[in-house]
Structures are given as C-alpha cells and as structure tokens.
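S.K.: Sequence:
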Amino acid sequence: MLRFTVRRVISGAILLVAISIAAFFLSHWAFPNPASAILGDNATPSQEAALNSKLGLDQPIITQFFSWIGHAVTGDFGTSWANSRSVTGELASKLPVTLSIVIFATLISAVVGAAFGIVSGTRPGSAIDRVVKMAAVVLFALPGFWVSLVLVIWFAINLKWFPAVGYVQPAKSFAGWLDSITLPAIALSLGAIVSVAEQLRNAVVRVNGQEYVRTLRSRGLSRGRLITHIVRNASPAALTVLALQFVGLLGGAIIVETIFNLPGIGAVTMSAANSADIPMILGITVVSVLFVVIVNLLLDLLLGIVNPKARTS
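Counting in the numbering used here, the sequence shown runs from 2 upward without gaps.
These are calculated hints, taken from the structure and not from any lab test.
Glycine is no exception: its CB is placed at the ideal position from the N, C-alpha and C atoms.
Check each hint, because a few of them may be wrong.
As the list claims (entries may be wrong) - If you anchor each label on the Cβ, the simulated ranges turn out as follows:
id, residue 1, residue 2, range
1, 126, 15, 41 to 47 Å
2, 215, 175, 47 to 53 Å
3, 57, 158, 24 to 30 Å
Generate coordinates for the entire structure from the input sequences, incorporating the hints supplied.
M.R.: Here you go:
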C-alpha cells in the first residue's frame, strides 16, 4: 500500500508541475500585452513601458518563469495586477466559499445518486427503474443557470426558506452558512446526481448478473447482505465518476456563484480573465489543479482499499 501511495503522489506532483508550466506560457501567449488591458485603450506607449518594467514584463520570458515558479513553490503567487493584493491572500479568502458549495454538492450527489442507482439497479426493468431513468434524462437536460433561477424564485422569493443571494461565514452563524449554500449546492449537484446514479445503476446490474452473486442468492443469503456485497463490488465505477464530477463542479461553480452573488473563486476568475490579471489566473489554475490531484489521490487510495487489485493496475 505504501508503494502504491508513493507512486500516486509522484504522478500527481508531475502532473501539477507540467500543468503549471503549460499554464504560465499559455497565459502569457493569450495576453501578449497585459499592460494595455490594465491601463486601457487610452494609455500611451510610455505608460505601458513603465508598467511593463514595474511588473517585470520587460524581462525575458524564461527569467519571468523561473522567478514565478521560485515563489510559487513556497505558496507565494505574487501580487494581483488588477487590485495590487496578494494572490495567495485573495485565494485564501475566496476559496472556502467555493469549496463549501462544491463539497456540499458532492455530498448531495453521492447520497442521492447512490440511492437512485441502488434502487434502480436492483430492480432493472421495473417501474421505479423507468422512473429513475426518465428523471435522470430530465435532470441532465436542465440548464444549470435555469435551475438556479427556479430555485431562487421558488424557495427564496416565494417560500422564503433560504436567502436568495449572499454568503454567511460559518464562524458567524452555522445555520446561516448552511442556508446560504444549500440552494447553490442543489443547483450544482443535479447533473452529478444523474451521472453517479447512472454509473452505479449499470454497475449494480452488471455485478448482479455474475455467477458468485447467483451462488450467494442460492445459499439463502439475506437480501440486505446480498445488496451490500453487490454495492461494494459496483462502487468503484461510481466513485470514479464522483471524483470526476467534483472536478467538474469546481468549474460549474462559476455560474452558480454569479447567480447567487457568492464571493467565491468564480467572480475572481471572471474578473482576472477580463483584466488580463496573469498572476491571479496562474494562482487559480495551480490551486485548482492541486485540488484535482488531491481528489484523484484520495480516489486511488479509496479504490485501493475497496479493490486491492487496483493497487497493482
């Protein structure tokens, strides 16, 4: 297990370094003249030259890269070109908002998706199986922004169960924090619920038709214990999809945060892209990839525990 873990950590570190290098050069290629984007169209060439010198953009690109990477490995992503604030500080203040929504949405997806998948998979072809598959098609087809708006109108404006916009720090009020992230998390989780339910349903049907399951059933094993065996062997597929959905939810949070006016990474990402704020873009990219690596590492370790054969694959 130790060798398995070390291999996964090394591969994750290589991925992080490779994407960081690619992100740096691609961002500078995408914004060849960030001084013009920062100062506006009315800036004079002398003003742009002065800002380039101040930001270090007059240095060779390789020199800029090694300067950035040298600070990035210590957690210092530089200063935002748009607001002169520390990129690390901005991410530290905004990231908990996004993560709270994404983690809550992932939990909803896991619980609801697993329930639908197990119920549907253990009764293939039944009425409940058809209802679940129909609901999956409908939920998958609904646009996320439309679902967000409907949730706001129904549960925030009409019923007044949840706030329509805004975010409450959990340190100030845990109940208020939970209320502020519930609707965004539900809106974000619908597509993931469908994917988890569909994968688990198909895996359960496949495992249920295997020889050892028929043997256990013929020996009179109780239905509860039989389903436990089936779900354990079917869970790797659902866990993989759930991890991929977590990564996708990080990107989908941008739209949800905009609709619910949440001070998360989404607003910062859009602002950085519009203002050619390369340090902020790079900081967001590296941190996002870091979370992807961590999630995939945890997934690999969990799959290694559930299915020991995965350790040698």
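S.K.: With 24 to 30 Å as the target window, see if residue 57 and residue 158 comply at their CB atoms.
M.R.: Because 49 Å falls outside the window, the suggested range is violated.
S.K.: Is the hinted range of 47 to 53 Å satisfied by the C-beta distance from residue 215 to residue 175?
M.R.: holds (49 Å)
S.K.: Determine whether the Cβ-Cβ distance between residue 126 and residue 15 falls within the hinted range of 41 to 47 Å.
M.R.: holds (46 Å)
Checked against the numbered hints above, the structure violates only hint 3.
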